[in-house]
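K.L.:
Dock chain B against the given chain A, drawing on the hints supplied.
There are 2 protein chains.
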Amino acid sequence: MGSSANGVAGDRTGTSNGSSSVDKGVDFANYFCTYALLYHQKEMLCDRVRMEAYYNAVFENKHHFHGKTVLDVGTGSGILAIWAGQAGARKVYAVEATKMSEHARELVKANNLEDVVEVIEGSMEDVTLPEKVDVIISEWMGYFLLRESMFDSVICARDRWLKPTGVMYPSNARMWLAPIRSGLANQKMSDYEGSMDDWFYFLDQTKTYYGVDMSVLTKPFAEEQKKYYLQTSLWNNLHPNQVIGTAAIIKDIDCLTATVNDILNLRASISSSISSEETRLCGFAGWFDVHFRGSKENPAQQEIELTTAPSEDYSTHWGQQVFLLHPPISVSEGDDLNINFSMDRSKENHRLMEVELSYEIKKSAGTLLPPFRNKFYIE
Amino acid sequence: MGSSANGVAGDRTGTSNGSSSVDKGVDFANYFCTYALLYHQKEMLCDRVRMEAYYNAVFENKHHFHGKTVLDVGTGSGILAIWAGQAGARKVYAVEATKMSEHARELVKANNLEDVVEVIEGSMEDVTLPEKVDVIISEWMGYFLLRESMFDSVICARDRWLKPTGVMYPSNARMWLAPIRSGLANQKMSDYEGSMDDWFYFLDQTKTYYGVDMSVLTKPFAEEQKKYYLQTSLWNNLHPNQVIGTAAIIKDIDCLTATVNDILNLRASISSSISSEETRLCGFAGWFDVHFRGSKENPAQQEIELTTAPSEDYSTHWGQQVFLLHPPISVSEGDDLNINFSMDRSKENHRLMEVELSYEIKKSAGTLLPPFRNKFYIE
Numbered sequence: 413m414g415s416s417a418n419g420v421a422g423d424r425t426g427t428s429n430g431s432s433s434v435d436k437g438v439d440f441a442n443y444f445c446t447y448a449l450l451y452h453q454k455e456m457l458c459d460r461v462r463m464e465a466y467y468n469a470v471f472e473n474k475h476h477f478h479g480k481t482v483l484d485v486g487t488g489s490g491i492l493a494i495w496a497g498q499a500g501a502r503k504v505y506a507v508e509a510t511k512m513s514e515h516a517r518e519l520v521k522a523n524n525l526e527d528v529v530e531v532i533e534g535s536m537e538d539v540t541l542p543e544k545v546d547v548i549i550s551e552w553m554g555y556f557l558l559r560e561s562m563f564d565s566v567i568c569a570r571d572r573w574l575k576p577t578g579v580m581y582p583s584n585a586r587m588w589l590a591p592i593r594s595g596l597a598n599q600k601m602s603d604y605e606g607s608m609d610d611w612f613y614f615l616d617q618t619k620t621y622y623g624v625d626m627s628v629l630t631k632p633f634a635e636e637q638k639k640y641y642l643q644t645s646l647w648n649n650l651h652p653n654q655v656i657g658t659a660a661i662i663k664d665i666d667c668l669t670a671t672v673n674d675i676l677n678l679r680a681s682i683s684s685s686i687s688s689e690e691t692r693l694c695g696f697a698g699w700f701d702v703h704f705r706g707s708k709e710n711p712a713q714q715e716i717e718l719t720t721a722p723s724e725d726y727s728t729h730w731g732q733q734v735f736l737l738h739p740p741i742s743v744s745e746g747d748d749l750n751i752n753f754s755m756d757r758s759k760e761n762h763r764l765m766e767v768e769l770s771y772e773i774k775k776s777a778g779t780l781l782p783p784f785r786n787k788f789y790i791e
Numbered sequence: 413m414g415s416s417a418n419g420v421a422g423d424r425t426g427t428s429n430g431s432s433s434v435d436k437g438v439d440f441a442n443y444f445c446t447y448a449l450l451y452h453q454k455e456m457l458c459d460r461v462r463m464e465a466y467y468n469a470v471f472e473n474k475h476h477f478h479g480k481t482v483l484d485v486g487t488g489s490g491i492l493a494i495w496a497g498q499a500g501a502r503k504v505y506a507v508e509a510t511k512m513s514e515h516a517r518e519l520v521k522a523n524n525l526e527d528v529v530e531v532i533e534g535s536m537e538d539v540t541l542p543e544k545v546d547v548i549i550s551e552w553m554g555y556f557l558l559r560e561s562m563f564d565s566v567i568c569a570r571d572r573w574l575k576p577t578g579v580m581y582p583s584n585a586r587m588w589l590a591p592i593r594s595g596l597a598n599q600k601m602s603d604y605e606g607s608m609d610d611w612f613y614f615l616d617q618t619k620t621y622y623g624v625d626m627s628v629l630t631k632p633f634a635e636e637q638k639k640y641y642l643q644t645s646l647w648n649n650l651h652p653n654q655v656i657g658t659a660a661i662i663k664d665i666d667c668l669t670a671t672v673n674d675i676l677n678l679r680a681s682i683s684s685s686i687s688s689e690e691t692r693l694c695g696f697a698g699w700f701d702v703h704f705r706g707s708k709e710n711p712a713q714q715e716i717e718l719t720t721a722p723s724e725d726y727s728t729h730w731g732q733q734v735f736l737l738h739p740p741i742s743v744s745e746g747d748d749l750n751i752n753f754s755m756d757r758s759k760e761n762h763r764l765m766e767v768e769l770s771y772e773i774k775k776s777a778g779t780l781l782p783p784f785r786n787k788f789y790i791e
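Here the protein sequences line up with chains A and B, keeping their order. The first sequence begins at 413 in our numbering and counts up by one. The second sequence begins at 413 in our numbering and counts up by one.
Looking at chain A on its own, in the form it has when it is part of the complex (with noise of 0.2 Å):
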């Protein structure tokens, strides 16, 4: 049997929610391969949004990075790194668990940094630096912030090895969601509809010319597909005009502080008021900003942000994450949500996350309509 896929973006395998215990080898295969590949590490480079937040936090914080020791979890191609050297650091640890760490340490000689910065491969579970550090620098964050779980392994890095003085870069970092419309959710559920229709006339020729009755999975194909076009968030960069109501912060994250179980099991109540005229709720939107302001003690000279909110004139290659409803809903303005938000680990793999949508209308006269719940799965 032919098969194109050798490994399928959002194939889940793995075996528990606790990274201790997940298959390293599993886990390469499922998650750290693409970070080896110099194309996926490219398009993250050219993130102008992201290069500038990194760039300004560092250059601009120079305090923070001047004689000090700095530590740099998921290295990939050694760019925290370089600039925390240029801004001045007397050592930086780079650690990248694949083999682009050969490429960083390429390039932190070929950038005239050898004597500085020292680039390790391995898991930031498994390597053990000389000396604790200053400054945790890290770009951690995936779609939705914690898609990827690589904040684990940050808190890890931190709990081992930053000084009791020490500052994580970013400091904070928050996850947003809003009301949305858009064209995509009619768009999935024609698609979902086309390959119910397709199903069919495949049960009719299969039992016409082979002679087998194929009904039976009629109900587990339906939720699979269901589950494909209807169920898993999307990648997408909204326009600010798709946003229909207030956004509301839904986890607030203190890198200095945090636990994993602090992100283990999100739970959130919020509010939002639909601020566009007749609009139809297609859906919610989730994204995040993190910003770099250092420590109570030790705080940043410039503080900057780094935001994934749609935006007219930037976009990042995260976008933002889109969970869709249907059918949607016809909404106005001074129509309340009170929405509960709740993220959790797939069993299957803990680096991807099953979420859980509950969310009632209160319309502007001051009917309340019946609550909706639905489930959803950032693959």
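No lab work stands behind these hints, which were simulated from the structure alone. Heads up, some of the hints might be wrong.
Same chains, same label: a pair holds when it works inside one copy or across any pair of copies.
To be verified - Computed list of lysine-lysine pairs in DSSO-like fashion (alpha-carbon distance at most 27 Å, straight line):
| # | residue 1 | residue 2 |
| --- | --- | --- |
| 1 | LYS503 | LYS521 |
| 2 | LYS787 | LYS436 |
| 3 | LYS619 | LYS575 |
| 4 | LYS436 | LYS511 |
| 5 | LYS759 | LYS436 |
| 6 | LYS639 | LYS511 |
| 7 | LYS787 | LYS503 |
P.N.:
Then chain B, alone, in the frame of chain A:
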């Protein structure tokens, strides 16, 4: 860092060439997982050429099945096992490594064959059957026949479970190679060059705005891109008029006697005559056919062929595998090609292949052009 891939088609991991020492979790993450999806099973069940061939092979050779014991290796949805049951088998063991086995079990029940067909979840290398069988039926062929290396599992099944008098379905398999013309050659070169242009722009921007000289990565980036755009074989559905010379058999397998060693390192020297007038040799296409002939002692009553050769009327989900040359070479009718073909398993993933194609062109006028040699990857 946001990454959309969670396991990327083509990324490789794993341990060795022999399937015996492959980590099962890694193998699942890289390979088996797609087969657990009904959508993927349906794609194969919708391949009419495939379905017709196996259906006819079974029902026009009922003497091989009636009252006999059968083993279906990699039963997937259970279709072959069900047909074997409908053709009168006394007992069918349907082995499936993924959770698709649960759907197969449902399908068997819904088609009233519970008493005949026993679905067993597990890998062929691990399961134990209560008895040996008269027939092993399996649809194990990957792109260009051997991609996925599933035949290893069929050989294992045969050596453990086939009676000395047993027959294999299919009984024979052949790999073919032919010179072709294709617009893809120019397209891929264009894509590669565009990618490199983009790289140099990126280098310039990164130096100008971010003070980091990434030129030391040009060579590895170019190699990575060259491999991706120019050296990775492509799935294609060729029109017969794209085949510009005689096709030749590069491997002939007797499924009753072949060993894993026979298919580990393929070496073939073949010739091909250009049959088109002035044309461009853009590359080579590889495809396969299988035959259902039974055995010498117990032949088929009706021999059936399943071919994936380029055809005007028929296409299969296997398509053909296309190995492109850069640049294409002008050839004319009567020119001869002497081709050396070799194929070995990828060290990182035994289910993927590395191919070397070297060839000399002897012009019809008699001139012998210098030989070419190219390396390719079947991902």
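K.L.:
Indicate, hint by hint, whether the structure satisfies it.
P.N.:
Going through the hints against the structure:
1. For a Cα distance limit of 27 Å, the shortest separation of LYS503 from LYS521 inside one copy, 14 Å, qualifies, whereas the shortest one across copies, 67 Å, does not.
2. Proximity of LYS787 and LYS436 under a CA criterion of 27 Å is satisfied in neither setting, with 29 Å inside one chain copy and 31 Å between copies.
3. Proximity of LYS619 and LYS575 under a CA criterion of 27 Å is satisfied in neither setting, with 69 Å inside one chain copy and 33 Å between copies.
4. Both within a single protomer and between protomers do LYS436 and LYS511 lie at most 27 Å apart by alpha-carbon distance, with minima of 15 Å and 23 Å respectively.
5. For the identical chains of this complex, LYS759 and LYS436 are neighbours both inside a copy (16 Å) and across copies (18 Å), given an alpha-carbon limit of 27 Å.
6. Proximity of LYS639 and LYS511 under a CA criterion of 27 Å is satisfied inter-copy only: 17 Å between copies versus 35 Å inside one chain copy.
7. Taking CA atoms no more than 27 Å apart as the test, LYS787 paired with LYS503 passes in neither setting, with 47 Å inside one copy and 42 Å between copies.
Consistency note: the structure conflicts with the earlier hints numbered 2, 3 and 7.
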